[in-house]
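Engineer: Chains as they are written, first to last, in the working numbering: chain Y, 1 to 323; chain Z, 1001 to 1347; chain H, 2001 to 2342.
Since the hints were made in silico from the structure, they are not lab data. Using N, Cα and C, we set each Cβ at its ideal position, and we do this for glycine too. Be aware that one or more of the hints could be misleading.
Unchecked claim - Dumping the calculated DMTMM-like pairs for lysine to aspartate or glutamate here, alpha-carbon to alpha-carbon at most 25 angstroms:
| no. | chain 1 | residue 1 | chain 2 | residue 2 |
| --- | --- | --- | --- | --- |
| 1 | Z | Lys1240 | Z | Glu1003 |
| 2 | H | Lys2334 | Z | Glu1224 |
| 3 | H | Lys2197 | Z | Asp1278 |
Unchecked claim - To spell it out: a stretch of chain Z is covered by chain H in this simulated footprint if at least three of its residues, at any positions, have a beta carbon under 8 angstroms from a beta carbon of chain H; those stretches are:
| no. | stretch |
| --- | --- |
| 4 | 1160-1170 |
| 5 | 1264-1274 |
As the list claims (entries may be wrong) - Among the chain H residues that face chain Y by a calculated CB cut under 8 angstroms, a handful are:
| no. | residue |
| --- | --- |
| 6 | Leu2056 |
| 7 | Pro2059 |
| 8 | His2061 |
| 9 | Arg2084 |
| 10 | Thr2100 |
| 11 | Leu2102 |
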Amino acid sequence: MTHFLIRRIFWAIFLFLVATIITYLIFFVIPADPAALAAGKAPTPQDVARVRHLMHLDLPIYQQYWLFLWNLIRHGSLGHSFVNRQSVRYLVGEDAPVTASLVFGGAVFWLSLSIPVGILSALRPRSLLDRIAMLFVLVGISAHPVWIGLILSYVFGYKLGITPIAGYCNFFPGTPGAQCSGPIQWAYHLILPWITFMVLFAALYVRLIRANVMETMSEDYVRTARAKGAGERRVMVQHVLRNSMLPVVTILGMDIGLALGGAIFTETVFNLPGLGNNLVSAANADDLPLVVGIVVFATLAVIVFNFLVDVAYAFLDPRIRLS
Amino acid sequence: MSELLVVENLQKHFPVTRGLILQKEVGAVKAVDGVSFSVAAGETLGVVGESGCGKSTMARCVARLLEPTGGRIIFDGRDITHLDRTQMRAVRRDMMMVFQDPYASLNARKRVGSIVGEPLEVHGIGTEAERKRRVQELLKIVGLNPEHYNRFPHEFSGGQRQRIGIARALVVNPKLIICDEPVSALDVSVQAQILNLLKDLQRDFGLTYIFIAHDLNVVRHISERVMVMYLGKAVEVGTKHELYAEPKHPYTGALLSAVPIADPSLGRVRKQIVLGGDVPSPLNPPAACRFHPRCPRFVDGKCNVDEPLLTPAPGAVDHRFACHFPLERWPMSEEEIRRAPAFAGAD
Amino acid sequence: MALLEVKDLRTSFRTDDGVVKAVSGVDFALERGQTLGVVGESGSGKSVTFLTLMGLVDPRHAMVSGSVLFDGEEILGAKTSRLREIRGARIGMIFQDPMTSLNPVKRIGWQLEEAVLLHNDVTRSEARKRAVEILKQVEIPRADQRIDDYPHQFSGGMRQRVMIAMALINNPEILIADEPTTALDVTTQAQILRLMKRLQDEFQMAIVMITHDLGVVAELADDVLVMYGGRVVEQASVDDLFAKPEMPYTWGLLGSLPRLNLIAARLEQIPGQPPSLLHPPSGCAFHPRCEFVMDVCRQELPELRPALGDETHRFRCHLDDEARARIWDAKRAKLVTEDVAA
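From just these sequences and the hints, can you work out the full model?
Structural biologist: Spelled out as structure tokens, the structure:
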């Protein structure tokens, strides 16, 4: 198994390099001139040339990439935003917790809903519960998060006034400069976003879990367990769940990794200052270092989580662990 | 009778690789490790063996569905081992295959007429109308209703699907048909139908068969000659009369005695040889004689040092075996087998 | 009193395509220590009969009726808790495919211990001791080490031994084996059959051997049930069944076997295929394929009646005794027996 892990690590590094190279190259293809953008308002050609030199943009591409990589590895630096000159790393560091709050909190919600519903649906196929669950699945997959978010925001935020309409509160109380802070405010402002974000995933997971549990229940070893005299509860817990949840673990890891890259729709609707939202505004403002920085972070998140998923799977399935 | 197929020292090794980045070959699964045999025109060669013996792999290599890693295949006087795809295509008209699983070997999305007619299309034989006629003729020959030309496979039972597979193999008038466990997946009462059909077709069309099976009863019924394989090697080859009446290799003896006899009075009195252990993996086959770890007459220092080669049985017409201490007579009980005589088989 | 008495057992399944009549009235008895062979092909109902008896059919889709007396107690329709006490403790069951019949993510020691702990109030370490012991009895080498291995680390034959161990670990009175050797190589099959015979003596238990292989039945069984289309069509002692089969399906079955000890240029073939249980044939289920079919066969189901002079040998057929004797003598004369008494 160590072989397996070492190989996965090598692949992870390789993938990271490829992803960053491609991202880096892209901003040489788009028709914006970074030097012109960075040079401030109404620059003269000499200003632009000077900025270009300072930004090493007159060097060949591979050297620029190398400098970027070196900067990243050596100093952990992602450059500075064109728009406000702040360190990109700082900005990403500010945005990431917001997205993380949304994604992890949302994951807790969607798992708490989809696991019981999925299992119960599988145990009672075609029952009323099952049919309602399948209806929910259909709606959840079809309805767009923006639409859901706006509806929720309108009904609960505007009309009923139960929840805030938008905005984010810092988790840690007493943060200077923030309008609101503290865990309660934090959760309060995230309720609608959590619900919006999790609907799609909950729908997908209910369907997945239901299918997995149904399939596992018809496996021969479940019949063996019953033939031994095991009761239904024992059969479910000891034999069915462990085996049917295995694929859920892997998919969960991948989904979280992906979502960390930016739950754009939800963040935009509720105006949460997370990675997704800021990626959109950075792209609109042609703020290339910030765009690259967020993409790097997202890539890293995906790669790391995929790797963790591989490790978890190898750990949980003895057939892989011991081969 | 002339030899339609001659296989010399056929080998198929699947490489096993290890390594972090660059995959290095550290070993090989020797699925087929030097098998030689021949099949005369018009006869049936039965091939028996248990899991891991390589019989299916061997069949696929002969048909060049898998590329052999060594050896020669001479079909109808021509060395086909290294022919390229275009050249091989012409050969494939004469060498067709029938597979084990009647549910998986037919494309569920195609109509039966299209399935059976596909070989004709591939080889560009006849016009569309002629092909249709030929397909219907074949459906009749294999005992199906020609009017079912437009039905789908799922509308047929397992036995009927196997007939479709046979029709497909027969439609281009091949010389050789390789049957890979064609009745193993069928109910007993249907097996007999298919076996009878295969025999009738052989007689009517002068076909040559290679018949692979694990059921010794079935093989004996349908074959003239039989080859027993173990872990990638042929351990005994001969006419069925000689092989079944006087097996020389202890493995053949064990196989024969392991088959349950559908007659309680006989079953009770017979002497049974039960082998110990499991069939070993072809990844790490035992040294020299591959059967030696399980052989009741294993002689240390000989069987695990010198590999026995296929040698003719004295006095027999067509019977070869690969053993240093072949069975002196048959039947033998387990205790009798363990007493290996002092003489060496053929070295 | 017989250990197991089954009367008029019927099982039907509700499916999307209609009602499937898997078992349509099965009667038989099993004595202590007896080996009963149950022979049949697809759709014969041989497996469903015993799954029903064990309460392993899905109650949501299955309609079950009849009576099953186990040691005098009615277990068909008994409370689930009572059935659970019996399953795995007094009646053990093993299935066809040992690869898929064991939980892949649990060590076999755990699975064996589970079988013990479900029925016995003992500590885990006592259960483990029992598990090692039974693994030795089924001839698993180095049992005390291998007990901590996972199923995928065993070969097919070894896995089936583990299954047998699991079924026998609580000393049951009956072992029901549903095609236990069909998925195994013939030399492995010989090992497993020999093991089962030995264990039967050691454990003094009855065995029900469900199979399609008449050879296995001939080797192992004392008595045989032949099933077709969800019913018992013939039952007899194993010697009587092979020496004097009494109805066309059994004749066909025996005649269609290629055998080492018989020379037949052409095998006897039964035309057609096994019956659909969704739309079973009227009258005698075998009539569409029967060489000797008469009008009455299409209309009326023949009763299970005793053979001439032998109460224990019963069969279902409308042909009269004289006709059947004539036909069987003619068939037998066509076969040439070779003396290959191994």
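Engineer: Work down the list of hints and note, for each, if the structure agrees.
Structural biologist: To see whether the hints hold, each was checked on the structure:
no.	hint	in the structure
1	Z/Lys1240 - Z/Glu1003	18 angstroms, holds
2	H/Lys2334 - Z/Glu1224	22 angstroms, holds
3	H/Lys2197 - Z/Asp1278	19 angstroms, holds
4	1160-1170	violated (count 1)
5	1264-1274	holds (count 9)
6	Leu2056	6 angstroms, holds
7	Pro2059	11 angstroms, violated
8	His2061	11 angstroms, violated
9	Arg2084	5 angstroms, holds
10	Thr2100	4 angstroms, holds
11	Leu2102	6 angstroms, holds
Hints 4, 7, 8, counting from the list given before, are not met by this structure.
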